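Novice: Given next are the chains, with one letter for each unit.
Number of protein chains: 2
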Amino acid sequence: MSRSIAIIGGTGPAGTGLALRWARAGETVIIGSRDSARAEQTAEMIRQRVGANAQVSGMENSAACAASDLLVLTVPFEGQAALLKQLKPAIRAGSTLIDATVPLAASVGGRASRTLGVWQGSAAQQTAELVPKGASVVAAFQNVSADVLNGNLDDDVDCDVIVCSDDPNATQMAMELAVKIPRIRAIDGGKLENARIIEQITALLIGLNIRHKGHGGIRITGLPDAAYKSLTAQ
Amino acid sequence: MSRSIAIIGGTGPAGTGLALRWARAGETVIIGSRDSARAEQTAEMIRQRVGANAQVSGMENSAACAASDLLVLTVPFEGQAALLKQLKPAIRAGSTLIDATVPLAASVGGRASRTLGVWQGSAAQQTAELVPKGASVVAAFQNVSADVLNGNLDDDVDCDVIVCSDDPNATQMAMELAVKIPRIRAIDGGKLENARIIEQITALLIGLNIRHKGHGGIRITGLPDAAYKSLTAQ
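Protein sequences appear in the order of chains A and B.
Take the first sequence: its letter number 103 is residue 870 in the numbering used here, and every next letter is one higher.
Take the second sequence: its letter number 86 is residue 853 in the numbering used here, and every next letter is one higher.
Bear in mind the hints are in silico, worked out from the structure with no lab data behind them.
Model, not experiment: these values are computed from the prediction.
Incorrect hints may have been included.
It does not matter which identical chain is meant; a pair holds if it fits inside one copy or across any two.
Unchecked claim - Below 25 Å or equal to it, Euclidean Cα-Cα: the simulated DSS-like pairs (lysine-lysine) are:
1) Lys996 x Lys852
2) Lys996 x Lys855
3) Lys852 x Lys900
4) Lys900 x Lys980
5) Lys996 x Lys980
6) Lys958 x Lys947
7) Lys980 x Lys852
8) Lys958 x Lys980
9) Lys900 x Lys958
10) Lys947 x Lys900
11) Lys980 x Lys855
Build out the structure end to end from the sequences listed, making use of the hints.
Specialist: What follows is the structure, given as structure tokens:
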């Protein structure tokens, strides 16, 4: 099968990091960017790191949306709403959009360890208002350290991905993508509205990283085995 | 030394669970309650579970405040502000108050997997407005499962405690208390304002517990060893 993953804003650290890991797992990845030349540069860098077999290409964001129905949004919050309005005509009916954005106060010149209040409750819920009817939004990957993703590709990623969506199929899709990355476990976090808490956790982790000089992630403990989806136990 | 820990609202599940674990660790614990007879009942139950050596007594809440300068607040959010106003004259100058409360929407008839917005930012920051001048507030223990604390006392507690305060001495004191409980690690989470995120995490964990039938906790990964205080590495 020829599913591809289009990463909107894929030239930033979070998008590039996920692209590296998915390309290494054998997925076909499209890097989307405002600037197709930058997207192609990033795709080339990924090929160099992952190997010649890596299935990676670069495109302008709306071409990337038109080329895939599995989209991952990794843009800074300050550009999120305007970009989604612009991309709306290009997003295919039935698309799944995985939103990894976080409303950090850094978006308006504040601290990355604080968040902004979003009227809808979370960046992901804002996204849900802006995608075309029939597209599904799922929130995931906000807490995974971009530094770790972009680091040594032989190093596992010591983090759980809590996945929130109102569409169970979209949750399932995001969980499957999460566990393509070794040692990541995916947990169904329930409805999209819960993304507001997951987004806050990113600000907490950034604060801990600054304070303790680390690359923080989270693990959820104490749930039954069936709650954790992982590479080894699917 | 004869330090005692007074647990305000100590007859509820969170307070009793912490009391059990600290009594077992050899700490002197005072159970506070509106009703001194209930406090004494809980103290007796703890002695029965922990053993005759357990140093536990029960008192009315304001007597408990007067008897100790290390207070732990484990009351439901709906009663928190009124209780603090009532206790204010009894809280000793120089006291440290560890706030473990969470503004769950259940406080106003909503869901325990959602939170209320608190004007000050968090339940702990509200508390900081209500204690006498010279008392220090530190937020901690919100994410530790009461069910696990009250369970088999031979079972470790698989959870990190993120400690937030504007007073480094108060942070230190809460971290020391946290690591009295086997396998809990304490992490300095920075300023008290960060408690708002830690409090949200409790609502997330409650939602995961309902969805997956577990007793969820959290671990922070990816920080350097020095960031984690534990029984084995202090």
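Novice: Run every hint past the structure and note whether it holds.
Specialist: Against the structure, the hints:
With identical chains, the CA atoms of Lys996 and Lys852 are never at most 25 Å apart, being 34 Å at best within one copy and 47 Å at best between copies. Proximity of Lys996 and Lys855 under a CA criterion of 25 Å is satisfied in neither setting, with 32 Å inside one chain copy and 48 Å between copies. Only within a single protomer do Lys852 and Lys900 lie at most 25 Å apart by alpha-carbon distance; the minimum there is 13 Å, versus 51 Å between protomers. In this assembly of identical chains, the alpha carbons of Lys900 and Lys980 never lie at most 25 Å apart, being 43 Å within a copy and 34 Å across copies at closest.
In this homomeric assembly, Lys996 and Lys980 come within 25 Å of each other (Cα to Cα) only across copies, at 15 Å, whereas the closest approach inside a single copy is 29 Å. For the identical chains of this complex, Lys958 and Lys947 are intra-copy neighbours only, at 23 Å inside a copy versus 36 Å across copies, given an alpha-carbon limit of 25 Å. In the homo-oligomer, the alpha carbons of Lys980 and Lys852 never lie at most 25 Å apart, since the shortest distance is 37 Å inside one protomer and 39 Å across protomers. Taking CA atoms no more than 25 Å apart as the test, Lys958 paired with Lys980 passes between copies only; the shortest distance there is 16 Å, against 33 Å inside one copy.
In this assembly of identical chains, Lys900 and Lys958 lie within 25 Å of each other by CA distance solely inside one copy; the values are 18 Å within and 42 Å between copies. In the homo-oligomer, the alpha carbons of Lys947 and Lys900 never lie at most 25 Å apart, since the shortest distance is 29 Å inside one protomer and 53 Å across protomers. In this assembly of identical chains, Lys980 and Lys855 lie within 25 Å of each other by CA distance neither inside one copy nor across copies; the values are 39 Å within and 39 Å between.
Checked against the numbered hints given earlier, the structure breaks hints 1, 2, 4, 7, 10 and 11 and satisfies all the rest.
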